[in-house]
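Trainee: In case you want the letters, here they are:
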Amino acid sequence: MGSREKILEAVFKNQPQVTPLPDIAIFKGDNNDTVQKYIDVFKSIGGSAFLVDDLTVVNALINDYFEVVKRTVTSLPELGDRFELLSTTVDPHMYEDIELAVIKAQFGVAENGAVWLTDELMVQRIIPYICQHLAVVISADSIVPTLHEAYEKIGEGNYGFGGFIGGPSKTADIEQALVLGAHGPLSMTVFILK
Amino acid sequence: MKQSQNKDHAALAEDFIKDNEHVNWHDGALWYIREKRDLASKQIPEWEALREAASKIKSNVISNLHEYLLQFEANLQKNGVKVYWAADAEEHNAIVYSILKAKEITEMVKSKSMLTEECGLNEYLFERGIEVINSDLGEYIQQIDNEPPSHIVLPCIHKRKEEIGELFHKHLGTEKGLSDPTLLTRVARKHLRNIFLTRRAALTGVNFAVAETGEYVVCTNEGNADMGAHLSEVQIASMGIEKLIPQKMHLAIFLRLLARSATGQPITIYSSHYKRPREGQEMHLILVDAGRTRQLGRADFRDSLKCIKCGACMNTCPVYRKSGGLSYHNTISGPIGAILAPNLNMKQHADLPFASTLCGSCSNVCPVKINIHDQLYKWRQVIVKEGYAGNAKSLSMKAMAWTLSSPGNFATAGKAGRWFLHKLPFIVNNKFNPWYKQREMPEGPKESFAEWYTKNKENDKKE
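Protein sequence lines, in the order shown, are assigned to chains P and D.
Residue numbers for the first sequence follow the working numbering, so the first one is 1 and each next one is one higher.
Residue numbers for the second sequence follow the working numbering, so the first one is 1 and each next one is one higher.
Treat the hints as calculated values from the structure; they're not laboratory data.
Incorrect hints may appear among the rest.
In silico SDA-like pairs for lysine to any residue, Cα to Cα no more than 20 Å straight-line [claimed, not checked]: (1) 431(D) to 15(D); (2) 153(P) to 32(P); (3) 437(D) to 357(D); (4) 28(P) to 437(D); (5) 13(P) to 161(D); (6) 6(P) to 431(D); (7) 56(D) to 24(P); (8) 82(D) to 159(P); (9) 104(P) to 18(P); (10) 248(D) to 145(P); (11) 42(D) to 146(P); (12) 248(D) to 119(P); (13) 161(D) to 186(D).
According to the in silico footprint, chain D covers these stretches of chain P (three or more CB under 8 Å from chain D) [as the list claims (entries may be wrong)]: (14) 5 to 16; (15) 46 to 52; (16) 162 to 175.
In silico negatives: residues of chain P with every beta carbon more than 12 Å from chain D [what the hints assert, rightly or not]: (17) 19; (18) 56; (19) 70; (20) 83; (21) 89; (22) 91; (23) 104; (24) 179.
Beta carbons are placed, not taken as given, at the ideal position from N, Cα and C, and that holds for glycine.
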């Protein structure tokens, strides 16, 4: 008998009598002030957030805050005349030297400041992790209060890969001193379109 | 690998506390993290309801694990992930080796996996010509120091920055004396970035595996799991069979609890949901038993399998804070380690359930409400019954049994004790008396309660 059968048999023999799952529909977030809550939490984690009218403002802010002479990539066609458009066919290793990536996310989560995005919006999975600085565009009305609403929105999700991203990468492994910028981006900026 | 030289927890802890300044610093660092957990949990009014729900979900999982495993396997395969089953550590390691050998890969980057640490994967692969680099900064530091991680979430919490600076000077050529955490992290970032870009294989652990959809979630703050996975040709995930959760919606409960319990963050920076391989990439997942089915069969201890590896119990435990994870001579240390380890090797880890004051703080902070302190107590009874309690303990238990077995014995022992404390205190006030270590012996009372009562009862009658 192979290990699969041995393990399954042992599990079946040793597991206790079935206990029921709890009702988790009781958990709901508060839909008030989600945008402000999101901004407050995200800033407290070390991210930058801007509430903007449209993408022209985004364009201007990027110019102000980032060294756009270095390689900047984007998935937004509206920014395509200034920045390099991401490609699905290029080897991901070729994106090693991106300074800034400007991409969209599906929505934000107010309780933890995270955004949710799938591989479709990343264009290539490595993009939000390999860039030195990450900028994400979401719409204000997409922001949900808690992860409960988030997973309702995600549903089964027809993605190959998806992730919550909640701020600049960080570590406190050296004497608990917080350092922003571990292996992922050194900074994260969220542009919230009204 | 630096080993604990077969010393038990008490002996290793004794070494640890010799450096008073260091142990106080270690204690403070961990308690600070406990306090952050408290701050975070108090911001969620429904925190206790979340704990209760998480506990019930995990109880359901271990009661229906057979079904969930089959469901998960079927969905993984549907998603294009290759599935393997490993009965023990050796088999797990052999599977990883075979996957790498098939693609002639000799270098792999790993993001945090306590399971692979438990299995001794790095050593196994090294012996067969495959280099594994731990990419989590704390684990990387431990790796270059040839020491196991001391905490499941904060691998080098026991090291001062000067010590880490010295390691970086030796292994990465940084300036001698450099100990600034930001600068050291930048050096590691550069060095490990090159590793991510050049490794064809990446291995991750699994925080949560969703039976309903066949996807699994990996939580990091550093982004190292994703840097490895999305640049790899071959992605391997190793998971203990107890990491399953039934439905996708349940992730909301667990992700709300995990980081808040571990470090006080509302969520880890990255919570990555891996489902299907990239085009041109292979994904493999290994389901590992390695003692879990045996624990599942122990009615008193199976709830330890509910653990989501947050480390909150370690951060709060007064014994852990003052002895350090390496005193537990087991990959998973602290309170949860003490109830998992005796199942793996009762002889080797018989001391662990006794490394506790049974204060119960661990049970209070556990996000899935494992009754850790109850299980510590129950393990003690199993260990003594099986004959693994030390001789000193057995003899002193027997002596106590004799003393308490009759009023006569009790009175005699009491009288003798009071006589010695009065007339010959040095008999007990010395290094042979374990109670005397760092304590003053009490002044013996002039008489026992029974003697006092007898005397005064007669006085009372006279009135």
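Trainee: Hint by hint, where does the structure go against what was stated? Just the numbers, ascending.
Mentor: 4, 5, 6, 9, 15, 17, 21, 22, 24
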